[in-house]
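Participant: What follows is each chain in one-letter form.
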Amino acid sequence: MKKILSFILAVVAAISMSSCSNTDQPESSSQLIVGSVSALNADMMDGWTNSAPNKSIKALLNGYETVSYTREGFFEVNKTAVKEFSDEENDDGSKTFTITLQPGLTFSDGSPITAKDYVFNILLYSSPEFGALEADNFSGIDYVGFEEFHSGETRTFSGIRLLGEDTFSITVKAENFPYYFELSYAGVSPLPTSVIAPGVEISDDGEGATLSEEFTVDLFRETILDSETGYRYYPKVNAGPYCLEEYDPATKQASLVLNPNFLGNYEGQKPSIEKLIIKSVTDATMMDELAAASVGLLTQVSGTAIDRGLDLAEEGKVEYATYLRAGYGRIAFAANHGPTQSAAVRQAIAYCLDRDEFARQYSGGHARVVDGYYGLSQREYRENREALESELIHYIYDLDKARELLVADGWTKNASGGEFQEGVDTLRYKEENGQLVPLIIKWANTANNPVSDLINTMLPGEMAKVGMELQATSMEMGKLLSELQQAEGQNYHMFNLGTGFGSISAVWYYYNPDLKNFGGSYNSNFLADEELYQLALEMKATEPGDTEAWDAKWLQFQKRWNQLLPDIPLYSDDYHDFFTPRLQNYTPDGLWTWENAILYAELQ
Amino acid sequence: MRGRFGSLRKAIFGSNASPPLEETVETPLRTILRNFQRNIAAMAGLGIFLLILLSCFILPVFFPLDTSYQDVTQQNVPPGFNMLRLPTEMEKEPVQISAGSVFSVGINGDGKVFIWGQASQKLRQIPGNLRRAVQVSAGLDHVLALDDTGRLFTWGNSRFSLGSIPPELLGAEIRQVLAGNQVSLVLTSDGRLTFWGNENLMTLRLQEVQGRIQKAALSSSACLALLEDGTVASLTTLETPVSAIPESIQGKVADIAVTDKAAAAVTVEGRVVTWGSNVQDVPEALQGKAVSIEAGRSHFTALASDGTVFSWGSNNFGQSDVPSSLEGEKVTAVYAGSYQNYAVTESGKVKTWGLKGYLMGTDGYGRDIFLRLISGGRLTLTIGAIAVIISTFIGILVGGFSGYYGGKVDMVLMRFSEIVGSIPFLPLAMILSAIVGNRVSELGRISMIMVILGVLSWPGLSRLVRAQILAEREKEFVTAARAVGVREQTILFRHIIPNVITVIIVSATLDFAACLLTESSLSFLGFGVVEPSPTWGNMLTGSQSSTVIGTYWWRWVFPALALSLATISINLVGDGLRDAIDPKSSER
Amino acid sequence: MGRYLARRLLYMIFVFFVVSILLFGIYKLVPGDPARLMLDSTLATTDPERYEAMYEAARERLGLNDPIPIQYLKWIGNMLTGNFGYSSVYRMDVIDMVAAPMKNTILLNLAALVLVFCITIPLGIAAAVRKNSLFDHTIQVGTIVGYSLPAFLIALVLIFLLAVKVPAFPISGVTTPGFQGNAFQKALDVLYHMCLPLLVLALSSAGGLTRYVRAAMIDALRMDCIRTARAKGLREKVVIYTHAFRNALIPMVTILTGWFVGVFGGSVVIETIFLWNGIGKVLVDSLRQQDFSVVLAMQMFYVVLTLAGNLLMDLGYCLADPRVKLN
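Protein chains in written order, with this note's numbering: chain A, 1 to 604; chain B, 1001 to 1588; chain C, 2001 to 2327.
One chain only, chain A, in its complex shape (with noise of 0.2 angstroms):
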């Protein structure tokens, strides 16, 4: 027995010895090792999965997009991949867009990046042998042409023309216009035809660019597909600042190194460090492994794991960026069915809710309760944040209030029809078509998660003590999101998540009161308000550029929102992300993720 033991201890002890003396040597003067708390897949390509730090990697993979989206959080064309720039509006109503690249532009592999790289890209990503690889080929679907090109009918796509070597043009439907954010139409990035599409050319005989016959399914199985080799996996020739040294199925560990042929980002810079390798972490255990240095960057840490960082700053072993979050905890209402329909009990439920203990408690402080539908770190909450404080309702816990909005909207009966009493009823009722409606909100929510965990908490008492019952049912995130899309009925009235704006927050989409065709996952609250779509409406019509007119829609938007309360506002984080001391003028933001800023920084 003891020799079992003694021999185990000391295989134990030999192989932590040798491993440590292993360790020191690979952590190289210029690699960082990223920690992501979603995991990592193989998908390197565009059109299949997109978990967040695949997202990341792709950015950084792909590069010379005509259309930047700007730290300061405009849309602007990239000079360092376009020359020229022009559009044109058309006799029926669409719009051309003509580009002209600049020249000296070449992949990582050196060579040459032409028009024909950029119309690839949209060609192979509507087009319906790509949709055969189980891909997503619908990026062309506001093109003038798409359809018939989807279908497969055609091998042209007319409203894409390659004008020459270096020029090329696309022309957008109709009826996406006026829009504030029309440049993001012109927005692509080029994709090695080549490699590919080896074999492949692309002509354009004045109707539309053409693919030859060489473009099929069976050549996309073995460039894109084959799981050694295939584009999907393996990269190896990309255009961003940064290209795929190796993925590794069995770790879920991926190693990024300079692109050298990379001219810059659209203010031309250019990244300094020299690796970035991509792991997983664990919320539990993250920052040990920063401490441990066996990980360089933690981004997007929020809650209280922000005080174990901070902690780990004053030792001076890890240093911090904080910026605000481009999003917002919620708790988001059914407003087409059951008495969540009812903008009173809505504002009963947020008068309820204690919302500014909730952020203290959730956050540590790290968090601000908000009033609308808005994230910190926008353009728009940051230069109007007077405005949005005096002029929308910032819902605070009174139960005086919530029994007056309820009583004023009729739920003043109890089980047996009769009069509401205080302290002898517990559930109110409202008559409606003769039948009595009880106060009960369904509520679907995640396990495991604190924020779940203090609404359970915090409302339903406080719910009762007005007369409202609140029942509540933990389900995956899937089956929440399907039932908060109504996919199979309608039930449950109130559903708590975060939500995180892009670089575009289409509202227009988001509150269209078109529930049959926009229910679900657009209009996620099923909200048919006319007033707030037309507030919605002017704003995507405003004039590209118009800032102030935008930011005046925006703000109307903001209180007619505000007023209707289709979820309620939690709270919008102060995002920190951790590094190594090493690592330099790194300094991201809310929508300026990472991957962005890491070009910027360098490591000592």
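Be aware that a few hints might be false.
Said to hold, decoys possible - Below, simulated DMTMM-like cross-link-like pairs (lysine to aspartate or glutamate); rule was C-alpha separation at most 25 angstroms, straight line: (1) A:55 - C:2093; (2) A:516 - C:2052; (3) C:2165 - A:307; (4) C:2074 - A:134; (5) B:1252 - B:1281; (6) C:2186 - A:248; (7) B:1475 - C:2314; (8) A:55 - C:2096; (9) A:540 - A:551; (10) A:413 - A:462; (11) C:2103 - A:245; (12) C:2103 - A:248; (13) A:270 - A:84; (14) A:173 - A:76; (15) A:236 - C:2093; (16) C:2186 - A:246; (17) A:516 - C:2060; (18) C:2165 - A:315; (19) B:1356 - A:357; (20) A:55 - A:589; (21) A:553 - A:391; (22) B:1122 - A:311; (23) A:401 - B:1281.
Honestly, the hints are just simulated from the structure, not real lab data.
Assemble the complex: chain A is given as a structure, and chains B and C must be docked to it using the hints.
Facilitator: Relative to the frame of chain A, chains B and C by itself:
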């Protein structure tokens, strides 16, 4: 010896046969009891298990758990009862006391600053150059102090720029310092307020009142100012429950205090007026003679002109129970904050009441772990028992029949157990949760999940029993019994099962332990009992971070201890029972 | 024996089909819409038409528009012809997707199996032989601690002690990121990362197993044959290790076969905390994301393993104890 021959004898003569003469007159049950009682380890196990059982089923009656309770200021408080324990030096000539969240600071007659209660390392580092303090204020996790030269000090939490005193305060003459929930307030003698700290939690609008402020009052969500003309103003930019100040008191206010959701003002006539949400009636005896008022997180304490003290508001920690020992004493000053009260009597003694501390500390939401532990144990033990009883019962039945009859019965039953064994537990649990939804209570849902676990987890035991019986039934005594024509059932249940009881008891005790753990694994995966109802499993899942493991040890050590004590003791009982039932085992 | 085997195999096929119908039915009952989960909702929100088209395409692709019996027949047909399905979340063949995590899981579990058996069998025998001694009680109570605590807690405490306080082992992962070295060094690196998960596995399972071995041994030591062996004057070691141990084998065989299936099973808890990319986590994640092709394929794989294991177990009984007759 007796065991083996006993079985055989019973097998031959049937169980109704009269006992042989040489046997002592003792029923088998008594034998078992006697054997069990002799086993010290088993008795100790039984004792511990009963103790746990009783604590979990009786104590919650006396210490009920309010599941809707949470308190951000009481997060992660270590075990201990020192929150009201003043340092002895502090007892003489106390000048001022300020109660923070879970600690208090005070100044004694020498101007020396003391800190007591659950103060962190950072809080205990009182600046060395702070010589003679004249005013202190304790916040959530930081302290502000003023010395006799007018210098301002701050220590404790330095985040949210709390640690950097605004430059405009250098050289200013300071009237009042206030430390709040991650915010600091300083009032200068020209009536101007300076505010700094975590702007996520509070922002103030000060332009209209600057220069006229007499006194400020601060709580975690509200900030009020008493102006020189005796009016009260709410200073926060966002609305708070106390923003609506009653018109009737404006111009006549002498003192103000604010709790988290309510405010109180003492008028020049000595009356107390309260407003806000959840306000409670002011004691009638106080009206007309109130002098000053202080507020904790949810209670008020006021001093009357005759030296008596009144506390009212919520009383969850006894913070509104003025101790009877204060009767007849003349109180010169009271200090209240958080859940603590300090009254200084004329004789210079300090009387305290309110929250002393927590037996097992608090968790990340500021809830008392002891309360959650005893309430959680009841759930954990119940649902563990459900599953193990069901699975053991089915397992013995199926395994027994299968092993004994063999042949077709065995084939069918074993195929059945294979099918059941292949049904995965998690998807079934998911379906169930979704279908049952919110139609049953949380306890009902989790019980159903455990029933499913029990119904699905017997095949392992049944195979074990069957295997044992396969070996057992070929043994000589069974052959003998069969030869004399004893009924099959009797052979099976009277003679074979007792011989495989060892395996069953070991298996059942292990299974009970396993079910207690299954509950925690379910919590880990998000299928267990959800917050705020506590179980040992979800308490442990809630401690799932290295910060908790390393720093807030009390959050996992106590539930882990309870879980292992329960498991170990039930196993000891199982072992003891096995030895007692099976007298052979004491032989060697 | 041959006839018995043939009949067993026949039954196995029957059970396999019953279970496959049951499992398929169960997964179809799980509420939720896998097609929706397949799509990137942020992408969809900017463009409703495109999203709707993609959603319909996804439903078609997953065959969700067919009636359930047809879906079953299609699925089982594919299964039997070696097409284990297509992961709706990862959008690749299930086989390609599970290969790497399966390798990791088997590696870890085999190591754990060997370690645990090396510890528990000698420990259990020693405890049984010295029954009721101080040594026995220490072992009894000591091993309970291991299984009376949830594995995640043991894992976190060990991480805290052995990776954070005393940084002897890595906190998580399968290899050191960016590790360069020859094959041997790489193997050592993996072994090094395996130490803590192994320790947790051993601690949490050794307790139960030791007790089983001990119980079986105690029963075996009481047998008449042992008495006879002792009476014959055989050396105690021979009595214990040849005579008694053989009789204690039956319960051990049962446990061992259970473990044999478990080797391919993986543990979500350990894999989650140590970020050990294994099959347990893949399975639970797939379940969460309603990626049922993966779950079903894996589950059927386990069914086959269990059935084979049970057969092996019965054959094992025969080998361990010739008195056991199967037919």
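Participant: If a hint holds in the structure, say so; if it doesn't, say that too.
Facilitator: Status of the hints after comparison with the structure:
{"no.": "1", "hint": "A:55 - C:2093", "in the structure": "holds (21 angstroms)"}
{"no.": "2", "hint": "A:516 - C:2052", "in the structure": "holds (12 angstroms)"}
{"no.": "3", "hint": "C:2165 - A:307", "in the structure": "holds (19 angstroms)"}
{"no.": "4", "hint": "C:2074 - A:134", "in the structure": "holds (19 angstroms)"}
{"no.": "5", "hint": "B:1252 - B:1281", "in the structure": "holds (20 angstroms)"}
{"no.": "6", "hint": "C:2186 - A:248", "in the structure": "holds (13 angstroms)"}
{"no.": "7", "hint": "B:1475 - C:2314", "in the structure": "holds (18 angstroms)"}
{"no.": "8", "hint": "A:55 - C:2096", "in the structure": "holds (21 angstroms)"}
{"no.": "9", "hint": "A:540 - A:551", "in the structure": "holds (12 angstroms)"}
{"no.": "10", "hint": "A:413 - A:462", "in the structure": "holds (19 angstroms)"}
{"no.": "11", "hint": "C:2103 - A:245", "in the structure": "holds (23 angstroms)"}
{"no.": "12", "hint": "C:2103 - A:248", "in the structure": "holds (13 angstroms)"}
{"no.": "13", "hint": "A:270 - A:84", "in the structure": "holds (22 angstroms)"}
{"no.": "14", "hint": "A:173 - A:76", "in the structure": "holds (21 angstroms)"}
{"no.": "15", "hint": "A:236 - C:2093", "in the structure": "holds (23 angstroms)"}
{"no.": "16", "hint": "C:2186 - A:246", "in the structure": "holds (16 angstroms)"}
{"no.": "17", "hint": "A:516 - C:2060", "in the structure": "holds (21 angstroms)"}
{"no.": "18", "hint": "C:2165 - A:315", "in the structure": "holds (15 angstroms)"}
{"no.": "19", "hint": "B:1356 - A:357", "in the structure": "holds (24 angstroms)"}
{"no.": "20", "hint": "A:55 - A:589", "in the structure": "holds (17 angstroms)"}
{"no.": "21", "hint": "A:553 - A:391", "in the structure": "holds (14 angstroms)"}
{"no.": "22", "hint": "B:1122 - A:311", "in the structure": "holds (11 angstroms)"}
{"no.": "23", "hint": "A:401 - B:1281", "in the structure": "holds (20 angstroms)"}
Consistency with the previously given hints is maintained throughout, with no hint failing.
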